[in-house]
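Residue numbers (the working numbering), protein chains in the order written: chain Z, 1 to 343; chain V, 344 to 652; chain C, 653 to 1040.
No lab work stands behind these hints: they were computed from the structure. Honestly, I wouldn't trust all of these hints.
Stated by the list, open to error - Using 30 Å as the maximum straight-line C-alpha spacing, the simulated DSBU-like pairs for lysine-lysine come out as follows:
hint, chain 1, residue 1, chain 2, residue 2
1, C, 903, C, 825
2, C, 903, V, 621
3, V, 621, C, 712
4, Z, 286, C, 726
5, C, 749, Z, 286
The chain contents come next:
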Amino acid sequence: MKGRYEDENLYWIPVLIIFVFLLPFILKGLSFSYKYYLFVLNMAGIYIILNVGLDLLSGFTGLVSLGHAGFLAVGAYTSAILVDQFGVPFALSLIISPLIAGLFGFVIGFPALRITGMYLGLTTMGFGFIVKRMIIAFREWTHGSGGLDVSSPMLFGYTIKSDWNNYFLIYTFVIIAVIVGRRIAKSKIGRAFMAIRDSEQAAEAAGINLSKYKMLAFFISGIFAGFAGVLFAHTSSFISTDHFDILLSIYFIIMVLVGGASSIYGAVLGTLFIVLLDNLFVPLLKDQIHFWFNTQAGDIQSLIFGLIMFLFIIFQPMGLYGMWLKMRIYWKLFPFNPRQRFT
Amino acid sequence: MTDLFSGLTQEIISGIALGSIYALIALGFTMIFKATEVVNFAQGELMMVGAYVNFFFVTTFLSAAGTPTAWTFLVALGGSMIFSVLFGYILDFIINRPLKDQPIFSIIMATLSLAIIIRAVVAIIAGPISLMPFSPFGDSTVTFGNIVVSLLDLSIIGSAIGLVIIFYYIFHYTRWGIAMQATSEDPIAAQLMGIPIKRVYALVWIFSAIVATISGILLAPRIALLDTTMGFLGLKAFPAAVLGGFGSIPGAIVGGVILGVIETVSMGTLSFHFQWIKEINDIIPWIVLIAVLMIKPNGLFGVEKVKKV
Amino acid sequence: MKRVMGTLIIIGLLAVGCVKRAPAPGVTDTEILIGNVQDLSGPMKELGAVIPSGSNMYFKYINDQGGVHGRSIKMLIEDHQYNPQKAVAATKKLVEKDQVFCLYQIIGTSPCEAIRPILSETGTPLIAPATNSGTMSDLSRQAGDLIFHTDTGYDRQAEILVGYILNQNSDAKIGLVYQDDDYGENVLEGIARAESEHEITVQKESYQRGAIDFKGQTMNLLKGGCTDVIIAGIVREPVTVMKTAEAMNYKPNFFGTGPTVDARVGKLAGSAGEGFTATYWAHMWNSDAPGAKLYRELCEKYDIPEPYIGLYHYYGFATAQLLVEGLERAGRNPTRKSLVRGLETLKNWDVGSFPPITYGRNDHAGVDKVQLVQMQNGEQVVITDWLE
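Only chain Z is shown next, with the shape it has when bound in the complex (with noise of 0.2 Å):
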């Protein structure tokens, strides 16, 4: 039922793209301050990409991660050694430190082949904890946690600065990623996954080989996140540990879990609904409300993103995607409309 209606209507996605590439140039039109716009739809592109690779992993085939920000901590720190310190090209690095974060993906898959659920959850947990620690440990190429130094990419002869730039450059990748995806969630890969997410039993009893599907979820999500991590360390310039938080992991998965998981669509809803309201929305929300200004203004702001999200699973529980559908759903059907259908 789903998939039908996801397939028709395709005329909109190149519209959906010429507003991409527009984007910035409305922005510009409309304020001065269109740079820090940009910086967090930068920010929401590189996530992303990240959460299109979650989603195949914990939305479609059910493998719940909760250390995420580890991968997107191997792609980043690969490729800013391998660029800076290797004098491998940017272009290069963009193919190899995926490739390297998706072995780690690999590697963490072993486990997934009997761990599941939230015993998952916290293998890939520690995970990221590993990650961290190896970090700090390699002192001599990460310069430990004191943070690393990495410079702007060059593409092609350009070098790449500014968010201006940076917006081109990341939502070209965003475009891919999401067309990518989406392509691997329709093909057999991506029905593989559902049935591995809706019955491991049923879906080896079908012929699927949970091990070879289960360790290559694990690999696509790592190259995603390992993409995800060269955009974040070269379009930000700077990485330390702080930046690959368990918190951040976190966020990941509630961004997926927002949007409506199992959609690609509904993880780039999903992220670009966080993203924006933590890092935009609620912060000029803050200053129009003037009161406690000084001291409590963190509190307020953590305050009024805890309540829209939790105001927003009550009320919206099947996630932004599953808010699209219903209403899409509700207007074609109009005068006939089965109430119950998606409560």
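Here the structure of chain Z is known, so what remains is to put chains V and C in place on it, guided by the hints.
For chains V and C alone, kept in the frame of chain Z given last:
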């Protein structure tokens, strides 16, 4: 050699004390998971609220009574208990009721956002300055030979063991406990058998809030400065709950103690004798945990659920 | 030739006119906007409340007197939860959206490192970053010429401490307990320099941010026979380590780096904290230095609540003095450049809060010496002169 031995014994004892802290928090996780299959990410925050409320009661009674006596602490403890019962009930009301028929993940997400809300609300009410909690035991210690344990640590170990026994009894030998088990097994069937599952859920949350409050009260003096980041300790206790097998009450204490001992010994003797351990000593608990899960995917005491196709 | 000269003069006049008509961002006829990014809801939220409160107190005092060149100072505070990525977002907001004139006192080493690209892109100066890390005053780093650091680096503090300990007792076996993050990294740098200088080895024990138990580390120090222990922590760490050591009947001399000067260390540690010695790079807030006296007067005048008053609140106040001095020197029509130039003219600037500060083209380091503060009978007593 004796030096090494006594050092190790001391570290193991300290590790057990530290592990009991984890166990206390893990117990709260475990109970909610056992009955509702929800991972309550706000568990650490419940504990933090308990610590703050108890601090509030203690200071109020102290200023009323003047000198601190055992009674002040006991009355404050009673007040905090009453509060935690109410708090648990309210949480059940705002989280479990509206999300009753939703996927478990929505409830987990709700607990995550609840954690953010609780931290913010407590910070707004209590102000930004950290509090200096009182310990009813002061700094007094007990010495056996050349092994030193503080009285506070002993009380933490004692209450961890006590609570585990009490809740084990409740879950396995009382009507309500068996109702809880039935609910966790299959809520719909349980409801059909006449079990009031709404009340069962409320009870579980109340129990969990009580455990959280007790652990908060005991932990607050242990961490010297009380602020809202105390809630993050929940994340440290999460592995303990999982190692013991999520949903197993004795598992919580075993998992907690194992992790506590590993942490102390690897920070201590191991890294003293092997320099390279120093580079990795804080991830040793994680490595052990992953290794254990590889062998026993449901934790040490976890029960493997029979999956039906 | 005359024509050329004439054109040049006209262009010059126009340029001057333009400068006058288009002031720097954040500067209006009545107000100067300052941006501050603090940890308001993360692990250091307490400092996030206390430090800006101290700064605001001094700004209020200045504004009540008519402000700087007739402009009052207004500080905007954003939250970064000790996350560098959020710090960048918050700084972007301040610089691009709120158009602040300069940044001031951003807390934490990695947040400060992460915002360097913004500083160099927009030319916004950062005055008095609230971290002791020595990397802040490194001019070779990106945007190094825009950052004015006030505090003695952690690395310098550790070096001075080792020197002091060896001076007291040349056979001392020194142990170090450090936080395993950017703070500890900087301390380790200083320790490594001291090790090679004095040809000693320091026994190093690490802990994680947020750790609550220090038994293992304390046991190791005991086994290693350390007679002097440097604790690079904040408040909870020195207290717990000293209490644990006392319970084990292990009594080395305890030392601490800058953040441990907090008066609560002594209060919480009780008898175990007796004799604890910490480095401090400014005058004590309760000392007789003129800056400290003014501070206490202002605290009384503006009714600052009692728990706020102390080390960190005073730190906010003292750095605010530096910022105001910089703004004074930036001239009637301040630009970001003139603020940098103004601060670089400071020569032995001394209002009695910090020891004399000298900045220059090639020196943005501020204070580089410390005094030692010891716990004696529950009171903090300064026991040494300024050590370099």
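Each hint, compared with the structure:
The straight-line distance between the Cα atoms of residue 903/C and residue 825/C is roughly 13 Å, inside the 30 Å bound, and the hint therefore holds. A distance of roughly 24 Å separates the Cα atoms of residue 903/C and residue 621/V; the hinted pair therefore holds under the 30 Å criterion. For the given pair, residue 621/V sits about 49 Å from residue 712/C by alpha-carbon distance, which is inconsistent with the 30 Å threshold. Distance hint between residue 286/Z and residue 726/C is fulfilled; the C-alpha atoms sit about 17 Å from each other, no more than 30 Å.
Under the criterion of a C-alpha separation no larger than 30 Å, the hint pairing residue 749/C with residue 286/Z is consistent with the structure, at around 14 Å.
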